[in-house]
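*Asks:* What follows is each chain in one-letter form.
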Amino acid sequence: MHQAQGFFYDGQSSKPQQVQISLVERKDLIEFTIIDGETTSWALADLMCENIGSVFEMSHGAHQFQKITTEDADFVEAVKRLRSQNGYDNWYQKMLDAGSAFHVFLALLVLAFSIVTYLYVVPWIAEKLVTIVPDSYDRSLGKGVFKEYVKYHTVDSTKTEAIREFVSQLELNNEFDFKFTVINSDQVNAFALPDGNIVIFSGIIDKLENYEELVALVGHEVAHINNRHSMKMMSRNLAGYLFISLIFSDVNGVMAIITENAHSLHSLSFSRHFEQEADTDGLNMLITNGIDPEGMTDLMKRLESTYGEMIPEFLSSHPVTSQRKEYIEKMISKKSVRIIHRPQLEEIFEKIKGEY
Amino acid sequence: MENSNESMNGYKLSFHGKGGEYFGIVIVNWLLTALTLGLYYPWAKAKQLQYLYGATALSNDRFTFHGTGKEMFIGFIKAILIFGFIYGMFFLFVFLEMPVVGAVFLYLGFLGIIPIAIHGSYRYRMSRTSWRGIRFGYRGNRKEFIINFYKWILLTIITLGIYGAWMAINLRNYILGNIKLGDLEFKYKGDGWEFFILNIKGYFLSIITLGIYMFWWQKDLFAYFVDNLTVNKGDQQLRMKSTATGGNFAGLIIVNLLILVFTLGLGYAWIVTRTMEFVVNNIQIEGDIDLDGITQTEEEFKDATGEDIGDMLDIDFII
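Top to bottom, those sequences are chains V and W.
Start counting at 1 in the first sequence, then tack on 829, and there's your number in the working numbering.
Start counting at 1 in the second sequence, then tack on 160, and there's your number in the working numbering.
Because the hints were derived from the structure by calculation, they are not lab data.
By construction, the Cβ of each residue, glycine as well, lies at the ideal position given by its N, Cα and C atoms.
Mixed in with the good hints, there may be bad ones.
Sample of chain V residues lacking proximity to chain W, with all beta carbon distances greater than 10 Å (derived) [as the list claims (entries may be wrong)]:
id: 1; residue: GLN832
id: 2; residue: GLN834
id: 3; residue: VAL853
id: 4; residue: LYS896
id: 5; residue: TYR917
id: 6; residue: ILE1076
id: 7; residue: GLN1152
Simulated DEER-style distance windows between Cβ atoms [unchecked claim]:
id: 8; chain 1: V; residue 1: TYR1136; chain 2: W; residue 2: THR423; range: 48 to 56 Å
id: 9; chain 1: V; residue 1: GLN832; chain 2: W; residue 2: GLY244; range: 30 to 38 Å
id: 10; chain 1: V; residue 1: LEU1075; chain 2: W; residue 2: MET249; range: 20 to 28 Å
id: 11; chain 1: W; residue 1: GLN444; chain 2: V; residue 2: ILE864; range: 32 to 40 Å
id: 12; chain 1: V; residue 1: ILE864; chain 2: W; residue 2: GLY248; range: 40 to 48 Å
id: 13; chain 1: V; residue 1: SER1014; chain 2: W; residue 2: ILE322; range: 43 to 51 Å
id: 14; chain 1: V; residue 1: ASP903; chain 2: W; residue 2: GLY248; range: 58 to 66 Å
id: 15; chain 1: V; residue 1: ILE961; chain 2: W; residue 2: PHE255; range: 17 to 25 Å
id: 16; chain 1: V; residue 1: ILE864; chain 2: W; residue 2: ILE322; range: 53 to 61 Å
id: 17; chain 1: V; residue 1: TRP920; chain 2: W; residue 2: GLY244; range: 31 to 39 Å
id: 18; chain 1: W; residue 1: ILE240; chain 2: V; residue 2: ALA930; range: 30 to 38 Å
id: 19; chain 1: W; residue 1: GLY248; chain 2: V; residue 2: TRP920; range: 46 to 54 Å
id: 20; chain 1: W; residue 1: TYR247; chain 2: V; residue 2: ILE961; range: 15 to 23 Å
id: 21; chain 1: V; residue 1: GLU994; chain 2: W; residue 2: GLU257; range: 31 to 39 Å
Bound conformation, chain W alone:
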């Protein structure tokens, strides 16, 4: 009986961040990053993540980001060395008048570090995130992930990009399926075909409606992400459901654009907090897991190299 009660009103995601507060962080970070010629970047990023995670709550308890600027700075330096090496080799080959070898080296180098960066950034970011003192964790196997990644990339290239939809879903299934919160396990159940059809439909309808359908396409993409995500503990489960409509998305995106344009970009902080609030308020959770009964299982992990390589390659964190 208690469980059914819980499922009715126990789980609520909420966002408590304010644009004005976040603006302060962005500006102070901007000043420090400019004064240090960019070296402050890792600390700036840690502060921003700490704020955004801390402003997000499940059942009124905040998430915490424990990553520190120092950890990320070490990762940042390693990432710079890796990039320096790849570019250095490229220029060496160009200098030796072997530009083709250089270009091949450059592309293979980048292709080589992408899966390592994705894997590393999830391991780091998850192990540094907690809720009620319970750590998240990413349990993917690096070797398995890299092999899969290349297999999917190859198929995508061979099919001239069509397999891209399957690849995106395979990545989500693998990565999200390996995320834990203590003894809770995340699971994503996406299907390449459905995702492919959803995108084809979105693409053509957007063209036909001169772009207006894009908001509804966006709604479908968001719903496909949220609705297929579950959290499991034995036979207990939490299910998520998107409540956002295409109209909601239109409102969010159009206002965001207006803010961005009319503040010449300075209003960026408000866009982030508005978007976070929108996302969080549009995820409904139902199920029967007792949130007081989660136990710590994950170990600490401190290497932030993957996180920083991901940043430099501009890989978005959530796939």
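Pulled out of the complex, with its shape left as it was, chain V reads as follows:
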């Protein structure tokens, strides 16, 4: 039987009462006698034990407001051994006792698991989720954005009408009703909204030199819509963000900030991936319509002359233009193409350019 000196706190007063504690191994309990002579016994299974520094605390009662503390190392050792033999240690404590090397290993494990999940599992789930979202959501979302957008910009109605006529001559494989609008602006750009609204700035039209390039531009934007890129992008970004805040924000602020920034950089790579997909689909659209696929390469040349290589690729939403040109040319070389001259498109193109 192990015995030790300790202090008993009765949960009524802060006064420490010196007691002699005995460990009764065969009954699986500890016994102690307070000054008034009454002997109390606590079953080991009911105790909450904690080692803090050199002090060992055993607390008892529904919420452990009664406790005994002791610093007797042999006694503590015996109590711990018995508790562990009888399986009173919980698994949490076992994990804590496993040591720093194990904890560092755990940290790296969680980190690696998070990264793999983030890179491969989350985007996959996010894209699957998009298929559940009905098209009507894309439509109402795009419509809302478009309504707000045209409020603050001027629409060139002549060019808009002409471009709609131009597009009506093409086979677009459309799943949405495309609605093209030309906006007066110097920006050399165009964008597609998920409901089928496509906005083209007059700035990019001014740069184009032949109708094949315009078909390429149309093909690229249409591909964004047919592939529901906006929704996929939103879904991936949101899912990635949720995942990251789940894993990192409870740890601490710095990790949250680092991971969130990494996430925005990474989401640019989704964007580049979607741009490449739109280039590919746009190119195929040119080919199905019997239009010279070089139109896509030419379009890239116009963009290159405007933007040059301003930002490094990892900071950009689009692949570097020279690279786009390269992979487009590679694709063209692999395809057999039958080109039909389309004078009607050429005529409308001149009208759009305003050179009639």
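Model the placement of chain W on the given structure of chain V, informed by the hints.
*Replies:* Leaving out everything else, chain W in the frame of chain V:
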């Protein structure tokens, strides 16, 4: 005679936590929280609080946090339902094309739960904290607190934020003044004017010195908190005094930042234990209360909803 002896060396706060041990807890919690998609959070929090309280000692006896993950999980679920309701109503109004009503509902909803969260989290946290088996307790009156809270918020808004200094001090006076440890009563004696001046001075000197004065501002804030806090029992008293200097604060904060940056945040556990140690070692206690003579007075209280709402709103516990 005994009393004066006690006041010289009887009261000492000490911190026995180690960064490495706390790191283990943080990492195990991290793993479990990630694996359970966040549901483990209340248990994780209970473990962390248990460690930090248990590592803090007064006169070599540890504080204990008795809160359990289960209690906090129930609070966590209630808090989620409350937030879900507020956001749900907001989206309902937006859907009905009444976004303004929705926004008003959202703000009023949050404003409505802040005082309830503060009150609830103090009640819970205090009733779950003990020293030598004697419970802490928070005896604030919820209705009185809520009315006061809105009065102070309103004054702060009307004065474009200037009253904020008074509000902060009123909150401390009220909350800390209602904290008990058995039959010991805490009391905070802050003054809005002093606090206001202290902050104005800190603000402008920090700008003039390109931020260097911030450490001394921090020192003043800490001292203002500690020096005005007393513990009372009848006419006996414990008084506290901050011994931290601006230089100490500079050392603490700069090293903490370096640890955080160079470990990409993984060194967070060491920052917590260093900071706790710093705080605890810089509070000096003097007085004549017999620490063996405290008796249990507070009742148990198990509702952790306030604690969890406070967490979700990111309200810091100590004001």
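*Asks:* It remains to establish, for every hint, whether it holds in the given structure.
*Replies:* Tested hints:
Listed as a non-interface residue, GLN832(V) keeps its Cβ farther than 10 Å from every Cβ of chain W; the least gap is roughly 23 Å. Every C-beta of chain W lies more than 10 Å from that of GLN834(V), the closest at about 16 Å, which supports listing it as non-interface. The non-interface label for VAL853(V) is consistent with chain W: the shortest C-beta to C-beta separation is roughly 23 Å, beyond 10 Å. Look at LYS896(V): its CB is around 6 Å from the nearest CB on chain W, not clear of 10 Å, so calling it non-interface is violated.
A cut-off of 10 Å between C-beta atoms confirms that TYR917(V) is not in contact with chain W; the least separation is 17 Å. A beta-carbon of chain W is positioned within 10 Å of the beta-carbon of ILE1076(V); the least distance is around 5 Å. The claim that GLN1152(V) is not at the interface with chain W holds, since no C-beta of that chain comes within 10 Å of its own (minimum 31 Å). In this structure the hint that TYR1136(V) and THR423(W) lie 48 to 56 Å apart at CB is violated, the actual value being about 40 Å.
For GLN832(V) paired with GLY244(W), a C-beta distance near 56 Å fails the hint of 30 to 38 Å. Range check, LEU1075(V) to MET249(W): Cβ separation about 25 Å, and the 20 to 28 Å hint holds. Between GLN444(W) and ILE864(V) the C-beta distance comes to about 34 Å, which sits within the given range of 32 to 40 Å. Look at ILE864(V) against GLY248(W): about 60 Å separates their beta carbons, and that is not inside 40 to 48 Å.
As the Cβ distance of SER1014(V) to ILE322(W) is approximately 46 Å, the hint placing it in 43 to 51 Å holds. The beta-carbon spacing between ASP903(V) and GLY248(W), approximately 60 Å, falls within the hinted interval of 58 to 66 Å. A C-beta distance of roughly 20 Å is found between ILE961(V) and PHE255(W), which places it inside the suggested range of 17 to 25 Å. Look at ILE864(V) against ILE322(W): about 59 Å separates their beta carbons, and that is inside 53 to 61 Å.
At about 32 Å, the CB distance of TRP920(V) to GLY244(W) agrees with the hint of 31 to 39 Å. About 37 Å separates the C-beta atoms of ILE240(W) and ALA930(V), a value consistent with the hinted range of 30 to 38 Å. A hinted range of 46 to 54 Å for the beta carbons of GLY248(W) and TRP920(V) is inconsistent with their spacing of about 38 Å. For the pair TYR247(W) and ILE961(V), the supplied restraint of 15 to 23 Å holds, since their beta-carbon distance comes to about 22 Å.
Taken as a hint, the range 31 to 39 Å holds for the pair GLU994(V) and GLU257(W), whose Cβ atoms sit roughly 36 Å apart.
In the structure shown, a violation is registered for the earlier hints numbered 4, 6, 8, 9, 12, 19, in ascending order.
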